[in-house]
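Here are the chains, one letter per residue:
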Amino acid sequence: GAGVSQSPSNKVTEKGKDVELRCDPISGHTALYWYRQSLGQGLEFLIYFQGNSAPDKSGLPSDRFSAERTGGSVSTLTIQRTQQEDSAVYLCASSRSGGGTEAFFGQGTRLTVV
Amino acid sequence: KQEVTQIPAALSVPEGENLVLNCSFTDSAIYNLQWFRQDPGKGLTSLLLIQSSQREQTSGRLNASLDKSSGRSTLYIAASQPGDSATYLCAVHRGNAGNMLTFGGGTRLMVKP
Numbered sequence: 799g800a801g802v803s804q805s806p807s808n809k810v811t812e813k814g815k816d817v818e819l820r821c822d823p824i825s826g827h828t829a830l831y832w833y834r835q836s837l838g839q840g841l842e843f844l845i846y847f848q849g850n851s852a853p854d855k856s857g858l859p860s861d862r863f864s865a866e867r868t869g870g871s872v873s874t875l876t877i878q879r880t881q882q883e884d885s886a887v888y889l890c891a892s893s894r895s896g897g898g899t900e901a902f903f904g905q906g907t908r909l910t911v912v
Numbered sequence: 721k722q723e724v725t726q727i728p729a730a731l732s733v734p735e736g737e738n739l740v741l742n743c744s745f746t747d748s749a750i751y752n753l754q755w756f757r758q759d760p761g762k763g764l765t766s767l768l769l770i771q772s773s774q775r776e777q778t779s780g781r782l783n784a785s786l787d788k789s790s791g792r793s794t795l796y797i798a799a800s801q802p803g804d805s806a807t808y809l810c811a812v813h814r815g816n817a818g819n820m821l822t823f824g825g826g827t828r829l830m831v832k833p
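These protein sequence lines map, in sequence, to chains Z and E. Numbers in this note's numbering are just positions in the first sequence, counted from 1, shifted up by 798. Numbers in this note's numbering are just positions in the second sequence, counted from 1, shifted up by 720.
Hints were generated in silico from the structure; no laboratory data involved. Fair warning: there could be bad hints in the mix.
[Unchecked claim] For lysine-lysine, the following BS3-like pairs were computed, each having C-alpha atoms within a straight-line distance of at most 30 Å:
| no. | chain 1 | residue 1 | chain 2 | residue 2 |
| --- | --- | --- | --- | --- |
| 1 | Z | K855 | Z | K809 |
| 2 | E | K788 | E | K721 |
| 3 | E | K788 | Z | K855 |
| 4 | Z | K809 | E | K832 |
| 5 | Z | K813 | E | K788 |
| 6 | Z | K809 | E | K721 |
| 7 | E | K832 | Z | K855 |
| 8 | E | K762 | Z | K815 |
Chain E on its own, in the form it takes in the complex (with noise of 0.2 Å):
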């Protein structure tokens, strides 16, 4: 069973840091991760897919890297701003999980200014 963990689950930072969150998984079959945000009381938006096949992805101030065989992503956020403030959610696709995404239980981030 693939089983999805990030660490750390809450982060508070103050603005104009960089900042690494985590996310490891346990079965590297995998066909992408992608790497969502979720504001309070709202849906999730997707930020970032890597590909399995792919190392890295970058977006704006956001990177994405991916190690797949030792079950590992992580997601930079450079020069952090308060908008910034939100739970970030990494999901894997497939594995032996069939066909769903199996999300991760999520960081809270805060961006003080």
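Here chain Z stands alone, though its shape is the one from the complex (with noise of 0.2 Å):
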């Protein structure tokens, strides 16, 4: 596609439930990435993955916290027993390669725990 596509835009659920979060990448971009954005703050890194190479979890605050990508392309953010602090906006970024290639950021997922 012409841009990263993120699903859903707005996301609303009760404490406990799981929820997934999609990501689209530029067409071709090996390298993606998940940030979190939470209300007032800067961004969080959260998991990195490049091509076939071992994703870098470094940035996942809990195990409740899971990625995984598909195929080299499309990935899904998983959130287990999603807790009130969860409540964030999620981006996703996508880039051609590694380190050195300009990012481009999907316009993100807004999370609401209640």
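Assembling the complex is the task here: the two chains are given apart, and the hints tell you how they should meet.
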């Protein structure tokens, strides 16, 4: 596609439910990033995928968070047993390769846990 | 650990002024530095990418410079317009932070008509 696409754009869920957030990167981009932006806070790194390499999961805040990238393209971020502190905007980005290439972001998914 | 700082945190200027936003980072071993713009409730829009071997990049009224050895970058906006009002973020790639982009806290810019 023309840009990074994320769905849904908004998600309201009840505390304790699981949610899945989807990211479609720009076609041909091998690197994919997930970030979280809480209200009034900066961007917090979550996870990074590069080609067929093992993902860098060092930013995932707890074992309730996981992500996968199927076929080197679409990625899904899953949050299990959601908590109110998980409420944030989840942003996905892709770049043509890893370090040194321009990163492009999607519009984000606004997650609200009630 | 790579740390990125942006000063000022907020800036309000009248339309037509030239302005400079500052970004500093602690680890000079970077691949690149990227400037983004974020409008309220939106994602990030890439403005300029400077590779570690470059000194500056220009796009329209925007000029970004990079001094890797001192860990600094500036974003210069010429002849500011109300439509430039947004939060501006800088991010560095690599250093000791691994594969992620490390972001500064942003500068919230308001350009008054």
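Each hint, compared with the structure:
Distance restraint check for K855 (chain Z) and K809 (chain Z): the Cα-Cα separation of roughly 24 Å lies within the 30 Å cut-off, and the hinted pair is therefore satisfied. Between K788 (chain E) and K721 (chain E) the alpha-carbon distance is near 16 Å, which keeps this suggested pair within the 30 Å criterion. This hinted pair checks out: K788 (chain E) and K855 (chain Z) have alpha carbons roughly 28 Å apart, not beyond 30 Å. Taken as a hint, the K809 (chain Z) and K832 (chain E) pair is broken in the structure, with Cα atoms around 34 Å apart against an allowance of 30 Å.
The hinted pair formed by K813 (chain Z) and K788 (chain E) fails the criterion: a straight-line CA distance of about 45 Å is larger than 30 Å. For a cut-off of 30 Å, the pair hint linking K809 (chain Z) to K721 (chain E) is broken: about 33 Å separates their Cα positions. Between K832 (chain E) and K855 (chain Z) the CA atoms are separated by roughly 42 Å; this puts the pair beyond 30 Å, and the hint is violated. For the suggested pair K762 (chain E) and K815 (chain Z), the alpha carbons sit about 26 Å apart, so the restraint of at most 30 Å is met.
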